[in-house]
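Engineer: Chain by chain, the residues:
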Amino acid sequence: MATLKELAKKEERLTGGHRLCAGCGIPPIVRLILRSTDCPVVATSATGCLEVGTTIYPYTSWNIPWIHSAFENAAATISGIETAYRSLKKQGKIPDRDVKFIAFGGDGGTYDIGLQALSGALERGHNFLYVCYDNGAYMNTGIQRSSATPLFSNTTTSPAGTVIEGKQQWRKDLTRIVVAHNVPYAAQASPHNWSDLSKKAEKALNTNGPTFLNVMSPCPLGWYTKSEDSIKWAKLSVDTCYWPLYEVENGVLRVTYKPKEKKPLAEWLKPQGRFKHLFKPENKNLLDAFQERVDAEWARLLELDGKRV
Amino acid sequence: MAIATKGQTGLTGNTAVAYAMKQINPDVFPAYPITPSTAIVEDFAGFVADGAVTSELITVESEHSAMSACIGASAAGARVMTATSAQGLALMWEMLYIASGMRLPIVIANVNRALSAPINIHCDHSDSMGARDSGWIQLYSETVQEAYDNMFMAMRIAEDTNVLLPAMVCFDGFITSHAIENITLVEDADAREFIGQYKPGHSLLNVDNPATYGAMTLQDTYITFKHQQSQAIARAKGVAASVGAEFGKKFGRAYGLFEGYRLEDAEEVIVILNSAAGTTKVAVDELRKQGKKAGVLRPRLFRPFPFEEIAKALSGAKAIACLDRVDSMSGFGGPLFNEVRSALYELDKRPKVMSRIYGLGGRDYKVKDALEVYAELEKTAASGKVETLQKYITL
Numbered sequence: 037m038a039t040l041k042e043l044a045k046k047e048e049r050l051t052g053g054h055r056l057c058a059g060c061g062i063p064p065i066v067r068l069i070l071r072s073t074d075c076p077v078v079a080t081s082a083t084g085c086l087e088v089g090t091t092i093y094p095y096t097s098w099n100i101p102w103i104h105s106a107f108e109n110a111a112a113t114i115s116g117i118e119t120a121y122r123s124l125k126k127q128g129k130i131p132d133r134d135v136k137f138i139a140f141g142g143d144g145g146t147y148d149i150g151l152q153a154l155s156g157a158l159e160r161g162h163n164f165l166y167v168c169y170d171n172g173a174y175m176n177t178g179i180q181r182s183s184a185t186p187l188f189s190n191t192t193t194s195p196a197g198t199v200i201e202g203k204q205q206w207r208k209d210l211t212r213i214v215v216a217h218n219v220p221y222a223a224q225a226s227p228h229n230w231s232d233l234s235k236k237a238e239k240a241l242n243t244n245g246p247t248f249l250n251v252m253s254p255c256p257l258g259w260y261t262k263s264e265d266s267i268k269w270a271k272l273s274v275d276t277c278y279w280p281l282y283e284v285e286n287g288v289l290r291v292t293y294k295p296k297e298k299k300p301l302a303e304w305l306k307p308q309g310r311f312k313h314l315f316k317p318e319n320k321n322l323l324d325a326f327q328e329r330v331d332a333e334w335a336r337l338l339e340l341d342g343k344r345v
Numbered sequence: 006m007a008i009a010t011k012g013q014t015g016l017t018g019n020t021a022v023a024y025a026m027k028q029i030n031p032d033v034f035p036a037y038p039i040t041p042s043t044a045i046v047e048d049f050a051g052f053v054a055d056g057a058v059t060s061e062l063i064t065v066e067s068e069h070s071a072m073s074a075c076i077g078a079s080a081a082g083a084r085v086m087t088a089t090s091a092q093g094l095a096l097m098w099e100m101l102y103i104a105s106g107m108r109l110p111i112v113i114a115n116v117n118r119a120l121s122a123p124i125n126i127h128c129d130h131s132d133s134m135g136a137r138d139s140g141w142i143q144l145y146s147e148t149v150q151e152a153y154d155n156m157f158m159a160m161r162i163a164e165d166t167n168v169l170l171p172a173m174v175c176f177d178g179f180i181t182s183h184a185i186e187n188i189t190l191v192e193d194a195d196a197r198e199f200i201g202q203y204k205p206g207h208s209l210l211n212v213d214n215p216a217t218y219g220a221m222t223l224q225d226t227y228i229t230f231k232h233q234q235s236q237a238i239a240r241a242k243g244v245a246a247s248v249g250a251e252f253g254k255k256f257g258r259a260y261g262l263f264e265g266y267r268l269e270d271a272e273e274v275i276v277i278l279n280s281a282a283g284t285t286k287v288a289v290d291e292l293r294k295q296g297k298k299a300g301v302l303r304p305r306l307f308r309p310f311p312f313e314e315i316a317k318a319l320s321g322a323k324a325i326a327c328l329d330r331v332d333s334m335s336g337f338g339g340p341l342f343n344e345v346r347s348a349l350y351e352l353d354k355r356p357k358v359m360s361r362i363y364g365l366g367g368r369d370y371k372v373k374d375a376l377e378v379y380a381e382l383e384k385t386a387a388s389g390k391v392e393t394l395q396k397y398i399t400l
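First to last, the sequence lines map onto chains U and H. Throughout the first sequence, residue numbering follows our numbering, covering 37 to 345 in sequence. Throughout the second sequence, residue numbering follows our numbering, covering 6 to 400 in sequence.
Bound conformation, chain U alone (with noise of 0.2 Å):
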């Protein structure tokens, strides 16, 4: 494991001067999981803020090979490009060397639309690593709802209305689903830890077979809060356990940090535009609600903690 030092000394795979937002979490995400390996890497995003914000034609930000060709099909695209690479080092056709494969997606084109070319991608078996960059809804398109946006969350598919406040849904696990799957290695992370981030990151790219990484990924558009405060609730969904850091490895669940002393859930979603409507008096029993669901949910995560899953 790297240094931090050592890190920001290594080559820039994903170069300044993209379109992404000031403050969004994106592009602190995808340049740590970069430089968490020293091979060589060939990598396609799905469609969305990454894709757009980095490939303007004639530009791009990417220093190594990178493909995008649809919105649902980045594990599918990606089981083809690795596909190849066997195929070809197999016959001869490209120098032997160590190569490793990363999918981007957003919770859009992961929880939502790419799901199914997930999990056959998972279920095959292909060496690789997807990494999931949740911001919570379909930003690059204008705060759509998905199945990753929180609880009561406002958007402009699920408006805190006069006579429904928001989402009226829990978030898909989908962390769960994937450690469902068998794979050896899956984890969430947090841009704001990057020493965890970075080590998972590492451990998924040298492990052999599928490899997942659910990231959560601050965004001030569709967050409605200040892009310098970013990697702040970013900390302060995993200190509220809304964001629980932990890693399934080979079937042993593992919680990779536990704070000392966890934080109201409202110290998280109060500073939030998009949760705005849960800080009047009258909806003070969804904020309890949404609280008791997060308390529920770390609760069944410390009981796996260490176990078999």
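Hints listed in this document are in silico derivations from the structure and should not be mistaken for laboratory results. Cβ atoms here follow ideal geometry from the backbone N, Cα and C, with glycine treated the same way. Treat the hints with care, as some may be off.
[Unchecked claim] Cut-off 20 Å, straight-line C-alpha distance, at most; resulting in silico cross-link-like pairs (PhoX-like, lysine-lysine): (1) H:Lys384 to H:Lys297; (2) U:Lys306 to U:Lys316; (3) U:Lys294 to U:Lys343; (4) H:Lys254 to H:Lys242; (5) H:Lys204 to U:Lys129; (6) U:Lys306 to U:Lys320; (7) U:Lys125 to H:Lys204; (8) U:Lys268 to U:Lys239; (9) H:Lys357 to H:Lys396; (10) H:Lys27 to U:Lys129; (11) U:Lys126 to H:Lys242; (12) U:Lys126 to H:Lys27; (13) U:Lys262 to U:Lys312.
[Unchecked claim] Sample of chain H residues with no beta-carbon within 12 Å of chain U, all distances over it, derived: (14) Asn167; (15) Leu169; (16) Glu351.
For chain U, the structure is supplied; the task is to place chain H on it using the hints.
Structural biologist: Coordinates of chain H only, in the frame set by chain U:
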């Protein structure tokens, strides 16, 4: 299966096409089963399991992922093939445009089957005709032999550096895919020599020279890419003609952009694709015995559409019926009718043209159906008038 160099081998369309794929030995083969093309992916999985090919099989979870994996693998510099039909091709639709837009020379066998609804597993051309504007080269095949031969030609045309576009070989579900025909196989070494080694100009696996594929283009560049793609598919026509001629020289079976059957002096002509052309030829032979000037034009290359060549070949006809095994649901006939009629517009003296939709969802098309169309054509040829511009037959 032994290859008889002089004799013939009895194979179904699917088995023959799978065998061509084995001889081509692609690097990657994403596979997803769908009737009536399933036997192709089954046979290929067998070749992989037995080590008869060096290909890697990807048993994807949908046709959308099949084409996505084809695109990933092709962009990574691999020679890639797959097979599908009907709903499978429809599910690939989004990715078909991406494969051609990214100029990836993927080859698929499309075993023609009707699109739902109502669900039907039998032959018509609604699947491949639904993809006719997707930027893929389309070759149609009358027989098992032609479907087999087309696989090699499709690979050559697609990979030609003046083209670099994906290609689909179409042949009729069940009628051709499941019927056994005696065909002549090409020797493995000859097949390899004909298609040559695939040397991709670019590859995602060229990690020392990283490139970005599938970048976002805006108003300033999108049209330029599409213009280049349009020029490339136009060039595919000449390439298809020379590849068909070269195939003939090498293997004794020459193929043009279309086949004319007793067409030279024909006054009444049916234009028709795939297996039904065979039935129509039987009708032509009967009519010729009666001294009638009937003929058939069977397009082989439908995309790009050889409009000049077809117009020239039909310039001497008096009355033409375009028989489509698909309805464009435009209220104005099928795709073959529209393309042929449009191609004839440039002629000084235009033949009369009518549209007939036949055989949807596997409905039989018999010699008597063809004879009825020729009888109508004869009337039109004599009167110079089209009585019924468009209608369904074989109802």
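Engineer: Would you pick out the hints that fail for this structure and give their numbers low to high?
Structural biologist: Failing hints, ascending: 8 and 11.
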